[in-house]
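*Asks:* Sequence:
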Amino acid sequence: MNTLAHRRLLLSPGCRLLRTRGCLTVAARDEEISLTTADPDAFERALLALDGQAAACANEQAGVPAAVLEPVLATLLEADLLLDLDRASEAPDPEAMAGALRASARFWARPIFEQPFWEDLLAGRLSRAQVLGWGTEFYHFVDAANRYMPLGVAHCRQAHALHGALSRQYVEEMRHAAIFLDGLVECGLERAALTAAPPLPQTLALINQLAELAYEGELAYTASFAIMQPGLTPPSETDLDRFYERLTEQYPYAASLFRAFRRHAALDHDLRHEDTLFYRLCRDSGGLEPRQCRRAEAVMQTVAESFILFFEGIRDAYPGDAFAPRRPLHLEGLA
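For the sequence shown, my numbering begins at 1 and goes up steadily by one.
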């Protein structure tokens, strides 16, 4: 079996490398790993040089012995701060492949939750428009399940055993948008204005991407859900209550919206949506071919990037305090 020195590795884009005397700290939003070393500069060069190439090449470029760097790489892999790009395609059996793809999903999903949006939200720094804009854009996203989920069912061409499960998943999700719409209306917004409002371009791009993946077939379609339910440790009921209570204290005008988010989180938990159909596809098919693994991981990466743009769009498009739903543009008669 190859050692880590011969693996193609990628450092999480959300990592920050902080050098101090005798130490290099790899910092992410909710985790820090401190590496004691006499040469933190060399360790930093080695990690930055990975960038999808074999660790041995990075070692050589940075001048760090493989035996010294390998325990560091193992620690970062375990923390999902490093991704082994070939682990899934070279997995010896379907269960190991599913585990490798779960690691890929956690790796690519992590930067979504490291966006400045979340830090500003928890610190109480978002404007009224950004909070209600978040609720409005999320309503559009959830409502779009009625667009891309039927396509996912219709274009399941190979794994016919998944048809029933895909159909049930759609039926479970098809009315969830009403939860957010009701919450926004209870915040004082007009129902008709919300339903007529066009989503932001970033939201629409995410929705269109999910529709295109549904057209492609069950592999790409179900892989997109691996990012929406990436297998991160789910919060407990108590943690969820505390989270939304904290938001309600900071943004009392949006209390009804936060109750909607809390209700939706409870529904997802009860429906076990964290157990995605993608991993069932991996196991039941007897394992994916290497090209299918690569395609699934590419889907995960691009869907994660679209979610990052989704949250960036909310911060940029709703900067002020006053909020009103976007108005549709009618071009009839302008020819």
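Possibly wrong hints are sitting among the right ones.
Simulated DEER-style distance windows between Cβ atoms [stated by the list, open to error]: (1) Asp241 x Gln61: 45 to 55 Å; (2) Ala74 x Glu245: 30 to 40 Å; (3) Ala196 x Met174: 17 to 27 Å; (4) Leu271 x Ile33: 33 to 43 Å.
None of these hints come from the bench; they were simulated from the model. Each residue gets a CB set at the ideal place from its N, CA and C atoms; glycine is no exception.
*Asks:* Among the hints numbered above, which are violated by the structure, and what are their numbers in rising order?
*Replies:* Those not satisfied: there are none.
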